[in-house]
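S.K.: All chains should be built: construct the whole structure from the sequences, respecting the hints.
Here's the letter readout for the chains.
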Amino acid sequence: MSLRNTVRAFPTLLKVGFSEAVAYRAELLVWVLSTTMPLIMMALWTAVARTAPVGRFGQADFVGYFLATFAVRQLISSWAAWLINWEVKQGTLSMRLLRPISPLWAYAAENIAAFPMRLVVAMPVTVLGVVFVGWQVVPRSAVGWVLFAVSIVGGWLITFLTNAIIGSLSLFMDSSQKLMEVYLVLFFVCSGYMYPVELFPEGLRSLIDWLPFRYQMGLPTELMTGAHETAEALRLLAFQWGWVTVLAVGTTVVWRYGLRRFAAFGG
Amino acid sequence: MLRRYLRLLGVQLKASGLQALQYRADFLTDGATSLAWTFTALAPLLVVYGERPSIAGWTFSEALLVVGWFTLLQGVLEGAINPSLTGVVEHIRKGTLDFVLLKPADAQFLVSTQRFLPWRAINVLTGVGLFIYAFWKLGRWPSGPGLLASVVLLGTSTLLLYSLWILTVSAAFVVVRVDNLTYFFTSIFDAARWPSSVFRGGLALFFTFVIPLALMTTYPAEAMLGRLPWQSLVGAVLGSLVFAWVARRVWLRSIGHYTSASS
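Protein chains in written order, with the numbering used here: chain A, 53 to 319; chain B, 64 to 326.
In short, the hints are calculated from the structure, not lab data.
One should not assume that every hint holds.
Claimed, not checked - Just the calculated beta-carbon pair ranges, DEER-fashion: (1) W293/B / A104/A: 32 to 38 Å; (2) E284/A / A267/B: 34 to 40 Å; (3) F102/B / Y309/A: 51 to 57 Å; (4) R77/A / F272/B: 26 to 32 Å.
The beta-carbon is built from N, C-alpha and C at its ideal position, and this holds for glycine as well.
M.R.: Structure representation (structure tokens):
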């Protein structure tokens with residue numbers, strides 16, 4: 053599993069992943085449609101803001117925020133935990149292990165390869181946002197776009213690495229599906245997916261600022277809608293990439309120990 | 064005829080019950096996840112009502128009743144409807160649906176009753192808990208007729224959910240891979256957590272007539288509060304019956320067009 057092998061094989065993995073994403077486009081569309089929560093939340097919060105704005109959010113701001121959440125959710129998606137769980141249960145993971153490249157890279161490639169297809173969904177939503185709400189729903193400067201792009205990569209990495217850790221835990225227990233559910237609950241509540249995190253009461257907010265969830269979803273959304281000055285954005289991005297590093301180390305450790313158990317289990 | 068089907072239902076229930084007793088640890092994990100999900104339902108509610116005392120004509124305690132109905136129906140959905148119908152999809156994919164169709168009983172009845180997850184009843188208890196808490200906060204109790212109406216509506220909601228599911232499963236005959244359709248359905252059902260008057264315009268029409276979420280959670284909550292007009296009650300009963308009839312037609316059609324695995 054040398055680095056050279058990985059680098060050489062990666063473009064091919066991406067190509068295969070992309071063909072798969074195109075082949076199963078109907079399925080992909082259904083997945084996209086099942087992320088309708090931001091739209092529901094949009095209806096709800098605009099109802100709340102009908103009489104008076106909430107914090108700095110008026111009705112239009114909520115529309116912009118939740119359209120951005122919808123777009124960001126498409127771009128930072130990962131489903132590696134389900135895949136790893138499934139492959140561990142079916143035993144097909146051993147087939148992947150025979151290949152001269154770590155399965156984790158293969159899962160990552162599969163996720164990244166679906167990115168263009170997901171962009172096809174996210175783009176029109178963003179355009180709609182601009183049409184209905186105005187230019188404040190996208191970054192208005194080149195620097196803003198760069199920061200946003202960096203935050204998307206960071207957000208995806210957090211999602212993927214958490215998925216990989218939870219997936220790897222299925223090597224220790226029968227299945228980590230339930231754990232995934234618990235994680236998803238926390239994600240929904242803490243990430244800014246259902247409401248902008250700044251609407252949280254003060255005490256909870258500082259807790260949220262330390263947890264990874266906000267950097268997974270809330271930060272890219274905030275940067276997309278231009279909620280922060282550059283200096284503040286850089287500070288938050290540093291935090292995000294700090295979490296990326298921690299999770300990357302965590303994934304490597306859990307995966308390595310887990311595989312040892314898997315080998316023992318498979319004989 | 065009816066007696067025979069009741070006995071059949073008894074047999075299927077007993078089998079699921081025995082299976083559930085085999086996995087007693089599920090009781091705890093299911094309980095924990097159900098409570099966790101209730102918390103997600105409540106978290107945005109708390110944040111929203113931290114801002115305003117009342118939203119779209121609903122106070123916090125009243126909205127809590129809607130969440131209670133949502134949790135209760137979620138239990139019904141995940142405990143009684145979901146498992147058996149996911150089974151149908153498996154049958155279709157593996158080609159074992161043929162065996163079900165060959166049996167001398169109604170196929171829809173057989174596939175709908177093949178599996179229950181009794182532990183999911185925890186959700187129902189959580190829902191009832193929420194009702195009690197909400198009414199305690201309101202400082203009054205539901206009226207007799209209101210309670211009766213809400214029980215009737217529980218029946219219609221279950222029928223609606225079940226019919227929607229039959230429709231989803233009928234789609235499985237066409238697209239085969241339907242496991243993500245179930246996710247899609249659950250995510251739409253999520254909208255039922257909120258009083259339907261929150262939704263306006265297109266969404267409101269969609270949630271009342273296409274996917275009648277308003278009928279499932281908002282109507283029963285209003286009935287408990289004693290402010291549901293009797294026309295709405297009649298409408299809900301008739302509407303759900305029509306819906307069930309349509310679902311039945313679609314199901315029979317799909318079965319008719321179903322070419323078994325071998326042909």
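S.K.: Failing hints, ascending?
M.R.: The structure conflicts with hint 3 only, although it agrees with all the remaining ones.
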